[in-house]
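Just need the whole structure built from these sequences, with the hints factored in.
Which chain is which? The protein sequence lines are A and B, in order.
Here the working numbering is used: position 87 in the first sequence is 87, and no number is missing along the way.
Here the working numbering is used: position 43 in the second sequence is 43, and no number is missing along the way.
The hints are simulated quantities; they were obtained by calculation from the structure and are not laboratory data.
Being a predicted model, the structure only gives us computed values, none of them experimental.
It is possible that part of the hints are untrue.
[Unchecked claim] Taking lysine to aspartate or glutamate and the EDC-like style, the derived pairs with C-alpha atoms no more than 16 Å apart in a straight line are: (1) A:Lys71 / A:Asp39; (2) A:Lys98 / B:Glu59; (3) A:Lys71 / A:Glu54; (4) B:Lys41 / A:Glu9; (5) B:Lys41 / A:Asp67; (6) B:Lys64 / B:Glu109; (7) B:Lys41 / A:Glu5; (8) A:Lys55 / A:Asp39; (9) B:Lys14 / B:Glu59; (10) A:Lys57 / A:Asp67.
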Amino acid sequence: SQKIEQNSEALNIQEGKTATLTCNYTNYSPAYLQWYRQDPGRGPVFLLLIRENEKEKRKERLKVTFDTTLKQSLFHITASQPADSATYLCALDDSSYKLIFGSGTRLLVRP
Amino acid sequence: GAVVSQHPSWVICKSGTSVKIECRSLDFQATTMFWYRQFPKQSLMLMATSNEGSKATYEQGVEKDKFLINHASLTLSTLTVTSAHPEDSSFYICSASGTGVGNTIYFGEGSWLTVV
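Shown next, in the form of structure tokens:
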């Protein structure tokens, strides 16, 4: 069956450290993968999109990698801040322009 | 970035009544809109995809007669929850894609529905 897996346990890190979140998928062949941030009670906010032919994408303190062989994407936040605390969702297209979401990983950055 | 607005942000309705949620793209033409439902601490589950001017395509297990979706214009889609029951209480989120925004899909702020 098709699955997108994100670590359901919260990631708790100290301010200033790098947060690394993982997204694994099975039985999909996405053309691209996206990462979103969701705050409690709010809709998701788009962060980054990485295409299947791209290994890495950066935006300010954010970095995303995409390994289509491992079927895995890693999402990094460097120099993390308490304001980065949120749930981060990965999503991929199922080749029909629909986005399928992982369950998200909650990040807590301690001051 | 592009803006997608949902209204209302939250609504409480009595069991058995119907409630309508609107989703508007404010600064682009949304050729496709998606409706999601999210229960607490769970992921977004796609309910249906609607293209402007045509009938929505519902995901497996979603009752089309219960969740009526209309996408009559390039800037507005509506979701009507008919004969609502307490188990329909959830966070409903729309997203939109369209001309001028590439592959990016923009999400609304979501609508909290509580059925009492």
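Hints, verified against the model:
Proposed proximity of Lys71 (chain A) and Asp39 (chain A) is contradicted: the alpha carbons are some 27 Å apart, above 16 Å. For the suggested pair Lys98 (chain A) and Glu59 (chain B), the alpha carbons sit about 11 Å apart, so the restraint of at most 16 Å is met. Distance restraint check for Lys71 (chain A) and Glu54 (chain A): the Cα-Cα separation of roughly 13 Å lies within the 16 Å cut-off, and the hinted pair is therefore satisfied. Between Lys41 (chain B) and Glu9 (chain A) the alpha-carbon distance is near 11 Å, which keeps this suggested pair within the 16 Å criterion.
Pair hint Lys41 (chain B) plus Asp67 (chain A) does not hold up; C-alpha atoms about 27 Å apart against a cutoff of 16 Å. A threshold of 16 Å between alpha carbons decides the hint, and for Lys64 (chain B) with Glu109 (chain B) the separation of about 23 Å lies outside it, so the pair is violated. A hinted pair counts as satisfied when its Cα atoms are at most 16 Å apart, and Lys41 (chain B) with Glu5 (chain A) qualifies at roughly 14 Å. Restraint check: the Cα-Cα separation between Lys55 (chain A) and Asp39 (chain A) comes to about 28 Å, which exceeds 16 Å; the hinted pair is violated.
This hinted pair does not check out: Lys14 (chain B) and Glu59 (chain B) have alpha carbons roughly 26 Å apart, beyond 16 Å. A hinted pair counts as satisfied when its Cα atoms are at most 16 Å apart, and Lys57 (chain A) with Asp67 (chain A) qualifies at roughly 12 Å.
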